[in-house]
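Asker: If you read the protein sequences in the order shown, they are chains A and B.
In case it helps, our numbering puts the first sequence at residues 29 to 504.
In case it helps, our numbering puts the second sequence at residues 235 to 408.
Take these hints with a grain of salt, some might be off.
[To be verified] Below, a list of computed lysine-lysine pairs in the DSBU-like style, where the Cα atoms sit at most 30 angstroms apart: (1) K344/B with K311/A; (2) K311/A with K306/B; (3) K335/B with K324/B; (4) K334/A with K392/B; (5) K311/A with K324/B; (6) K283/B with K311/A; (7) K375/B with K273/B; (8) K311/A with K368/B; (9) K392/B with K311/A; (10) K335/B with K365/B; (11) K283/B with K273/B.
[As the list claims (entries may be wrong)] Far from chain A by the CB rule (all over 10 angstroms, computed), these chain B residues: (12) E263; (13) V269; (14) E278; (15) I280; (16) L294; (17) R305; (18) K306; (19) E311; (20) E334; (21) L339; (22) P341; (23) Q349; (24) K368; (25) E369; (26) S379; (27) G398.
Hints listed in this document are in silico derivations from the structure and should not be mistaken for laboratory results.
Ideal placement from N, C-alpha and C gives every residue a C-beta, glycine not left out.
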Amino acid sequence: MKKRFFFQPLLISLIIFILPLLSIAGNPLGAYYHWSSDRLFWFMIISDSHIGTEGGQETDYLTWAVNEAREVIAPLFIVNAGDLTDSTNGGVIPNGPYQEEWDLYRRILDAAGIDATFYFDIPGNHDAYNDADFAYHLANSIQGSASGSTQSSWVRNFPFGSYHFLGVCTAGNDGAPFSIWPGDNFGDHAGLDQGELAFIESQLINHPDAELTLIFGHHPFYAGYSTWTDTGLTYGLESLLYLIDDYGVSQYGFGHTHDYRENFYYDTLFQGVFYLNVASLGKSGQDHYAIMAVDGNGLSVVPADKGTWPVVLITAPVDQSMGNQSNPFAYEVPRSPGNPIRALVFDKKTVVGVEFRIDEGGDWHEMEQVNDTPVWQGFWNASASIPGPHVIEVRAYGSSVVTDRIETSINPELCIGDFNRDGDVDDSDLAVFAADFGWTDCDTGEDCEGDFDKDRDLDGSDLALFAADFVRTDCE
Amino acid sequence: MKKIIVLIWFFFLFSPGMNVYSQAETAEEFERRGVDHFKRAFYEAIPQKDRARADTEYALAEKAFQKAIQRKPDRVEPYLHLGRTYFVQKEFLKAANVYEKALRLAPERKEVYLQLASALEMAGDYKGAEKTLKELREQEKDGYSLGTLDELINRLGKRTRATGMDNKGGEKQP
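Pulled out of the complex, with its shape left as it was, chain A reads as follows (with noise of 0.2 angstroms):
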């Protein structure tokens, strides 16, 4: 009996203290640099596509992204992020849900050959007034028919790791109908339930191994983010913020105001989430969509106009400055002869060039296809470049010339024989570039990671550079 007691609130706090820390389920500080494109995958995100509104782009728009796009950028999946119909058909009040406008959404996505392994569509405050259960979305759909849930949670798996996402219901639960007013809280009632955040809680303890769980709701966290019509959560946000910093999340995505906007939210994280906010498709006058890139994990994300080709998208090195803001998750690259850059070009036409060059006014460096995917990459030399912040530009030659810009900066500090990232190089990166020295092959597609100087091959010059930084143990 005795022991009944002593142990049981060891097990208590044992539940309480440490289970929380053993399930962290991402790690938005994970980013790496990676010297090939083997660890990149991409996706679409839409929103506000709001079927239903008269004479508008809408219906053109979801057609032309689960068509045109969809098979040009091939992305892993499409989130559509909330307002997937209107509510008004045609109206100027949303008083809706109109089974005509789901029935138009459905047969747009179905003619396409979406389903449910693809798309993974949300409801918005749009979706949801005057229908307190979500009967039209469940009903109609992609997820909602599939799942029977207004919340989806669904994880890529690959040799390099696997990645959590999770799209959740912030439109509000009461079915009240589109208000003006401000005591009857304007607009919506946005919020997460207790229901709906033990769904999400319960979803990231399952996934404890994802390399990034990035979630994607409809609302940002609080109203008047773009315009004062804005709604944002009115319940649910404080619990999300605790799940969002406990489980390591490194993306909240959302759509709602039809402006695009990347940015970071600090306010009482302990790190800071990436906070995106995409535009309408349905309704905005540009930025009808957004791809977003995995790239050694690290996040990258281009807006993008409806019909508008190539679209440009480096993925490696990460921006240091999204939205115009520090990027906390981006890495620094060392002073090497060959620090890869590397983009997606995605264009219906074939794409008859794309180059970088660094800090503006440099020479432009062709580089390659890889593979006959919309990967792109070159190398920059950079070991005579100064340490600290650098501009880089990838152009890409297509249906239209397109430039992308990111920032970088140069640590010299950084060893780039440290293949194992593990703070040093010792005899374990020895025994990785050893097993590659005397390749000469590596233009056909072999991963050659010690060919430092991208001659193509792994020869004395590689491991002079190798030796330069053999057992340092101070690499940042």
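Since the structure of chain A is provided, determine the placement of chain B on it from the hints.
Answerer: Relative to the frame of chain A, chain B by itself:
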């Protein structure tokens, strides 16, 4: 014996006491029943694409709300339910008519102006919808709400001008 039982049953059914009890509860009971029928139609049958069942349930809902109004003509809620029932069946003029009655009973219920404006707009009476929102605007003091109302009024005004329909019923001006 059978006749006696039937007589007792009739006595209870039509006794003044029972009638008083029914009169007191009937309006709310009809309203509740109407809401149940409406929910079955709008949230079950329509998303499940069971049009026939929806029509039956809507008809029952209408009857129930009309009974509720007959029992207590001064209660606003049954009018709002009936208006919504007409609205979702696209009987917009009927809905507008019911919302107008509701507004006469409760002019302080601001949300009813929005519902009436919606019904008028859907009926093609953009000018009527615009006028309704302008009436609401006169009562409104909150700056946020005024901003939204102005936007809605502006959009309705554009429709009125674009279609050349600025009389009730959506008919073209000569």
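Asker: Is the straight-line distance between the alpha-carbon of K335/B and that of K324/B 30 angstroms or less?
Answerer: 18 angstroms, holds
Asker: Compute the least Cβ-Cβ separation between V269/B and chain A, then decide whether it is above 10 angstroms.
Answerer: It holds; V269/B is separated from chain A by about 13 angstroms at its closest Cβ, greater than 10 angstroms.
Asker: Has the given pair, K375/B with K273/B, been kept, meaning a C-alpha gap of at most 30 angstroms?
Answerer: Between K375/B and K273/B the Cα gap is close to 35 angstroms, so the pair fails against 30 angstroms, i.e. violated.
Asker: Just double-check I280/B for me: nearest Cβ-Cβ distance to chain A has to come out over 10 angstroms.
Answerer: About 5 angstroms separates I280/B from the closest Cβ of chain A, which leaves it inside 10 angstroms; violated.
Asker: Quickly compare the C-alpha distance for K311/A and K368/B to 30 angstroms and report which way the hint goes.
Answerer: Roughly 26 angstroms separates the two Cα atoms, so the pair holds.
Asker: Is it the case that E263/B keeps its Cβ farther than 10 angstroms from each residue Cβ in chain A?
Answerer: 22 angstroms, holds
Asker: Next pair to validate is K311/A with K306/B; report whether the Cα-Cα distance is within 30 angstroms.
Answerer: Not satisfied, since the Cα-Cα distance of roughly 45 angstroms exceeds 30 angstroms.
Asker: Non-interface claim for E369/B: all C-beta distances to chain A beyond 10 angstroms?
Answerer: 14 angstroms, holds
Asker: Is it true that the CA of K283/B sits at most 30 angstroms from the CA of K311/A?
Answerer: 28 angstroms, holds
Asker: Hey, K283/B versus K273/B, does the alpha-carbon distance stay inside 30 angstroms?
Answerer: This hinted pair holds, its Cα atoms lying about 14 angstroms apart.
Asker: May I ask you to check that E334/B keeps its beta-carbon over 10 angstroms from the closest beta-carbon of chain A?
Answerer: 17 angstroms, holds
Asker: Given the hint that K311/A pairs with K324/B, does the C-alpha gap stay at or below 30 angstroms?
Answerer: 26 angstroms, holds
Of the numbered hints listed earlier, those contradicted by the structure are 2, 7, 14, 15, 23, 26.
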